[in-house]
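All chains should be built: construct the whole structure from the sequences, respecting the hints.
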Amino acid sequence: MPLRVAQLTAAQRRLYLHQKVFQNDISHNLAYVFRITGGIDSVRLRDAVERFVRSNVALNTVFVDRDGDVRAVHDPGLRYEVPLVTHRGDVSELLRDRLGRRLRQEIPADRWPLYEYTVETDDHATYLTLFMSHLVCDVFSFYNIGREIDRLYRDPDATVEGAAYSPADFPDDVSDTGRAVEFFRQMLGGLPSLALEHLEAGRTPEGTFEGRHVWVPFETGLTRAVDATITALGVRKFSFFLGVHMLLLGTLTGSRTVTVGVPLGNRRQDPLRPLAFGYFVNTLPLAVDLDAHPTFGDLCRAIETRMASLIRYEDFDLAAHAEAIFPGGTVSRILPSSSCTYYREQLAFHIGGHQAESLHVPRSDLVHPLVTRIEDFGDTYGCHLAYTHALEPSDPRDTLLTTLRSVARGHDVPLTDVTRVSAGHVEHIDRMLNEHADLPTEASLHALFERRAAEHPSRIAVEYEGDRRTYRELDEHANRIARRLRAVIPSDHVAIAVDRGCDLIAVLLGVLKAGKTYVPLDPAAPEARVRHIIDQFDALPLITGPAVFPDLAHEDRIALDTLLADCAGEPSTPVPAGDLRDRTAYVIFTSGSTGKPKGVQVTHANVLRLFLAADRHFTFTADDTWCLFHSYAFDFAVWEMYGALLYGGRLVIPDEAVRKSPRQFADFLAETGVTVLNQTPSAFHRLSQSLEERHADSVRVRCVVFGGEALRFEILSRWFELFGTRAEIVNMYGITETTVHVTHYRVTPKDLAEAGPSVIGKPLADLEIRIVDRDLRPVPVGVPGEMLIAGGGVSQGYLGQPGLTAQRFVRLPGAEGTFYRSGDLARLLPDGNLVYLGRMDQQVQLRGYRIELGEVETAVRAVPAVTDCAVLLDEQADEPRLVAFVVRHDSPGRNDRADDRTIRALVKDRLPHYMLPSLYVTVDALPLTINGKIDTAALPWPQDEGGTGLSLAEGGDDTSPAVATVARIWREVLGHSEFGADDRFFDIGGTSVHVLQVHERLCTQFDAPDFDVIDLFEHTTVRELAAHLDKPTGAVAGSTA
18 MPLRVAQLTA AQRRLYLHQK VFQNDISHNL AYVFRITGGI DSVRLRDAVE
68 RFVRSNVALN TVFVDRDGDV RAVHDPGLRY EVPLVTHRGD VSELLRDRLG
118 RRLRQEIPAD RWPLYEYTVE TDDHATYLTL FMSHLVCDVF SFYNIGREID
168 RLYRDPDATV EGAAYSPADF PDDVSDTGRA VEFFRQMLGG LPSLALEHLE
218 AGRTPEGTFE GRHVWVPFET GLTRAVDATI TALGVRKFSF FLGVHMLLLG
268 TLTGSRTVTV GVPLGNRRQD PLRPLAFGYF VNTLPLAVDL DAHPTFGDLC
318 RAIETRMASL IRYEDFDLAA HAEAIFPGGT VSRILPSSSC TYYREQLAFH
368 IGGHQAESLH VPRSDLVHPL VTRIEDFGDT YGCHLAYTHA LEPSDPRDTL
418 LTTLRSVARG HDVPLTDVTR VSAGHVEHID RMLNEHADLP TEASLHALFE
468 RRAAEHPSRI AVEYEGDRRT YRELDEHANR IARRLRAVIP SDHVAIAVDR
518 GCDLIAVLLG VLKAGKTYVP LDPAAPEARV RHIIDQFDAL PLITGPAVFP
568 DLAHEDRIAL DTLLADCAGE PSTPVPAGDL RDRTAYVIFT SGSTGKPKGV
618 QVTHANVLRL FLAADRHFTF TADDTWCLFH SYAFDFAVWE MYGALLYGGR
668 LVIPDEAVRK SPRQFADFLA ETGVTVLNQT PSAFHRLSQS LEERHADSVR
718 VRCVVFGGEA LRFEILSRWF ELFGTRAEIV NMYGITETTV HVTHYRVTPK
768 DLAEAGPSVI GKPLADLEIR IVDRDLRPVP VGVPGEMLIA GGGVSQGYLG
818 QPGLTAQRFV RLPGAEGTFY RSGDLARLLP DGNLVYLGRM DQQVQLRGYR
868 IELGEVETAV RAVPAVTDCA VLLDEQADEP RLVAFVVRHD SPGRNDRADD
918 RTIRALVKDR LPHYMLPSLY VTVDALPLTI NGKIDTAALP WPQDEGGTGL
968 SLAEGGDDTS PAVATVARIW REVLGHSEFG ADDRFFDIGG TSVHVLQVHE
1018 RLCTQFDAPD FDVIDLFEHT TVRELAAHLD KPTGAVAGST A
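FYI, the numbering used here numbers position 26 of the sequence shown as 43, with every residue one higher than the one before it.
Fair warning: there could be bad hints in the mix.
In the EDC-like style, the derived pairs of lysine to aspartate or glutamate whose C-alpha atoms are separated by at most 20 Å in a straight line are [unchecked claim]:
| id | residue 1 | residue 2 |
| --- | --- | --- |
| 1 | K613 | E544 |
| 2 | K37 | D334 |
| 3 | K254 | D396 |
| 4 | K254 | E123 |
| 5 | K254 | D429 |
| 6 | K254 | E321 |
| 7 | K254 | E362 |
| 8 | K254 | D244 |
| 9 | K677 | D941 |
| 10 | K37 | D172 |
| 11 | K677 | E709 |
| 12 | K254 | D315 |
| 13 | K37 | E1035 |
| 14 | K677 | E726 |
| 15 | K767 | E738 |
| 16 | K677 | E688 |
| 17 | K254 | E392 |
| 18 | K767 | E731 |
| 19 | K677 | D552 |
| 20 | K37 | E709 |
| 21 | K950 | E731 |
| 22 | K613 | D952 |
| 23 | K37 | D82 |
| 24 | K613 | D552 |
| 25 | K950 | D672 |
| 26 | K37 | D127 |
It should be emphasised that the hints constitute simulated quantities derived from the structure, not laboratory data.
These numbers were taken from a predicted model, which means no experiment stands behind them.
As structure tokens, then:
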């Protein structure tokens, strides 16, 4: 009999192309084991299965690639023999394991058969095993398989219904394409991506994911509640379950706009399609903004409305029309990260009156990171839930059931009232994370200092250049200042703008001993900022050093020299004071979102309990030497100053020149014997680059504490190289509003080796952290959310700003105390440590992608020629772009295009295309603010040069017209130009979806009708593809023109 050759349908072509790109992808293999008891005739069953298989066109089809032209070829002469195998004992586990192993093997599309069916028996039952390529079968076909085998078992002479029909008999219908494009453009056109990037990160080179498959049965009560709610809402069952899936997806990812892939049968267009066998299924995206629907019922009804359109266009080829739906390639992926299916009947069947019970076949591969498949058994439901290993800590099963129980109340519920994370999971998080210790404190900061002065009167308390003060001298000096301030200043607040030195410390202590609150002002601060701060107070006396703010007009100014001279005659005995725990010790002004600084009011108790909590992690003693490196107007200095004085240690103060010179500061550490060093990562990175071999013996630092900004562990490599592990390295996340430090994490060389994220550890003993979504509801383990902080470190709020205080300092239902909304994103690791993810308001979005700039910076710094860098989003250019400001290792200040290409090439190996900087700017050093953070305003921003990446002309690349044309088409489709002539298409962000768009444009541009899409998999670089296409006639090589 002659062969039957047919073109592939759009669905077949998509799957074939996917398997061509990802040849080891086995996630589309299908495997089932059915156990049949009750005395079924195994020989008769084998004959029925064999007859079904031999008469089936779809099963006896292979896919042949002939010079790039792929066709479906059916050979009616093929005769598959179904094995009948007899075993002893119970063989069910053996069969499940065998099918599970078989699933891991590729099924070549061009070799018959693309399936294996067996009938096997043991002492207890008969088994039917089915193993198939998805190219020849879908779930709808599966139902037909069960029906037809049952019919043939009952009547061996019956004709197989639909066996003669395959996808080849139903060509694609494009009559409704225009309306379909408009529907999907309206639903999807504004989305940056249909996929969720953090879920996609675990995709293997084969294009799949590894994870778990679990079965979730519904108990009787839940089934009744679900049915009652579906009836009350007046929606279809699938709309209800898809709504639950969307809430689950939003909970597990922290996303508010979710897109779910909905597999559609694609069999409604023709009355014969439901009878046919083969691969018809078409998965289309359905997107919903969860915030746009006040209630769960509203969400379900919106889903139902969109599902009606989705079903109307169930044969629509989304990939082929991606350009029309997402003009300019603005969408990053058109394949959603999750899928949801509802089966109106059980995935099982009867044969000859005997139940065929489906046995679970173990598998760990997934097509999507999150999959739910609901089976309706009539009297109950079950859910096949599959998810990646990355989602395991979030406990998707528990989250699914919690969400189901919360929405299934027999009536509609507001989405804000839907509980998605169980109480048990919240308690689990709290046990892992929070200690809830109660830390009683002294009456005041200066009371504890006075005790240390009494214990160590002759020890050096503070030292600046040649000026040294013992504890007795510093205490007595502060007492005299306090008495003078009490006499001349009636107001509660005193501003201090004094240069670095021992007198600064005496004045700060004197203000506290006077029972007042100090307001630190950095002498280097702009006078406009200082004026704004002063204006926040009704009256604010200002103590200033010589030549500090000379142009600032302020009536209540007290010169430091005058104050020191006037207090010389005051008694040096202690000033009587009561319990000042709840009195504000200082007001530090921090940057505000409006650009105006806001004053944070911190009490004595806030600071005192900080060091009590620190005692759980550190062993600070009177023998330690601390360094006041930071500006005293920066709250890190609170830790440095009181860390020395409250333990009876020594505080050494470097001058401004030493602070600004990493090399001089390294020598300063050695000369002064600093043992406790506190640094922002930016300042420390400079310091570490200046450390020399000689410092390994002379520097005696035993503890380095990081704070102020995110720590990238790789900057510690030089330190560990010189000092090993003799110094404790501690990463402490904190905020001014919660008194300097909130968490503690000890960093080891292992953290560097693993090159992981910025781990900030666990909260200090008396603090509580909760990770919540935008509605302040808890999120599961591993899900990004905002950090809320409660406990003894939470300050009194913002001076004179009750509205802002109410916004940021909040109460939570069922929780004690006030929580501060940090605005910082974090996620909880399974080991109970927190990972810092950056500011909620500082994630950048570029070409539809959300990008963490720290991740880009880490990749650039990994280049050997780079010592430091800062990556920022330049929105002033004609097209927004990432700009990398780079400090080079050997030649600071040099701009070298060859070096740029080297850097680009190495960075490209570490990052996806959308995260690649478009421009590299060399700087001698990264400028820092007075607080030790990167000063972005001082960076040399480039003028727009119209560049968007590495030109193909650089480095001698071929610039023939064909190369230029192919490169232009790649740029248009991929949405970037970060590639050279020899970069592989699939290494620079190309996918099988992009292939179709590139193919269409190349055919038009080169007038090459014989150019097949398969050629793009054979010629994968610009240069190779241009050579293949570049013929005088415009024809494709190897074709006749």
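Evaluation of the provided hints:
Among the hinted pairs, K613 with E544 is consistent with the structure: their alpha-carbon atoms are about 13 Å apart, no more than 20 Å. Taking the CA atoms of K37 and D334, the gap is about 19 Å. The hint holds against a cut of 20 Å. Distance restraint check for K254 and D396: the Cα-Cα separation of roughly 14 Å lies within the 20 Å cut-off, and the hinted pair is therefore satisfied. Distance restraint check for K254 and E123: the Cα-Cα separation of roughly 36 Å exceeds the 20 Å cut-off, and the hinted pair is therefore not satisfied.
Straight-line distance between C-alpha atoms of K254 and D429 comes to about 15 Å, which keeps the hinted pair within the 20 Å bound. Between K254 and E321 the CA atoms are separated by roughly 10 Å; this keeps the pair inside 20 Å, and the hint holds. Between K254 and E362 the alpha-carbon distance is near 12 Å, which keeps this suggested pair within the 20 Å criterion. Note on K254 and D244: the hinted pairing holds, with a Cα-Cα distance of about 8 Å set against a maximum of 20 Å.
Under the criterion of a C-alpha separation no larger than 20 Å, the hint pairing K677 with D941 is consistent with the structure, at around 14 Å. Restraint check for K37 and D172: the C-alpha separation of about 41 Å exceeds 20 Å, so the hint is violated. Proximity of K677 to E709 is assessed by CA-CA distance (about 18 Å); at most 20 Å being required, the pair is judged to hold. Distance hint between K254 and D315 is fulfilled; the C-alpha atoms sit about 15 Å from each other, no more than 20 Å.
For the hint pairing K37 with E1035, the CA-to-CA distance comes to about 11 Å; that is within 20 Å, so the pair holds. With a CA separation close to 18 Å, the supplied pair K677 and E726 stays within the 20 Å bound. The hinted pair formed by K767 and E738 meets the criterion: a straight-line CA distance of about 13 Å does not exceed 20 Å. For the suggested pair K677 and E688, the alpha carbons sit about 17 Å apart, so the restraint of at most 20 Å is met.
Under the criterion of a C-alpha separation no larger than 20 Å, the hint pairing K254 with E392 is consistent with the structure, at around 11 Å. Only pairs whose Cα atoms come within 20 Å are accepted, and K767 paired with E731 is accepted, the gap being roughly 11 Å. Between K677 and D552 the CA atoms are separated by roughly 31 Å; this puts the pair beyond 20 Å, and the hint is violated. Note on K37 and E709: the hinted pairing is violated, with a Cα-Cα distance of about 54 Å set against a maximum of 20 Å.
Note on K950 and E731: the hinted pairing holds, with a Cα-Cα distance of about 18 Å set against a maximum of 20 Å. For the hint linking K613 to D952, the alpha-carbon distance of about 17 Å falls within 20 Å, and the restraint holds. Under the criterion of a C-alpha separation no larger than 20 Å, the hint pairing K37 with D82 is consistent with the structure, at around 11 Å. For the hint linking K613 to D552, the alpha-carbon distance of about 12 Å falls within 20 Å, and the restraint holds.
Using a Cα cut-off of 20 Å, the hinted pair K950 and D672 holds, with the two alpha carbons roughly 19 Å apart. Of the supplied pair hints, the one linking K37 and D127 holds, its CA atoms being roughly 11 Å apart against a limit of 20 Å.
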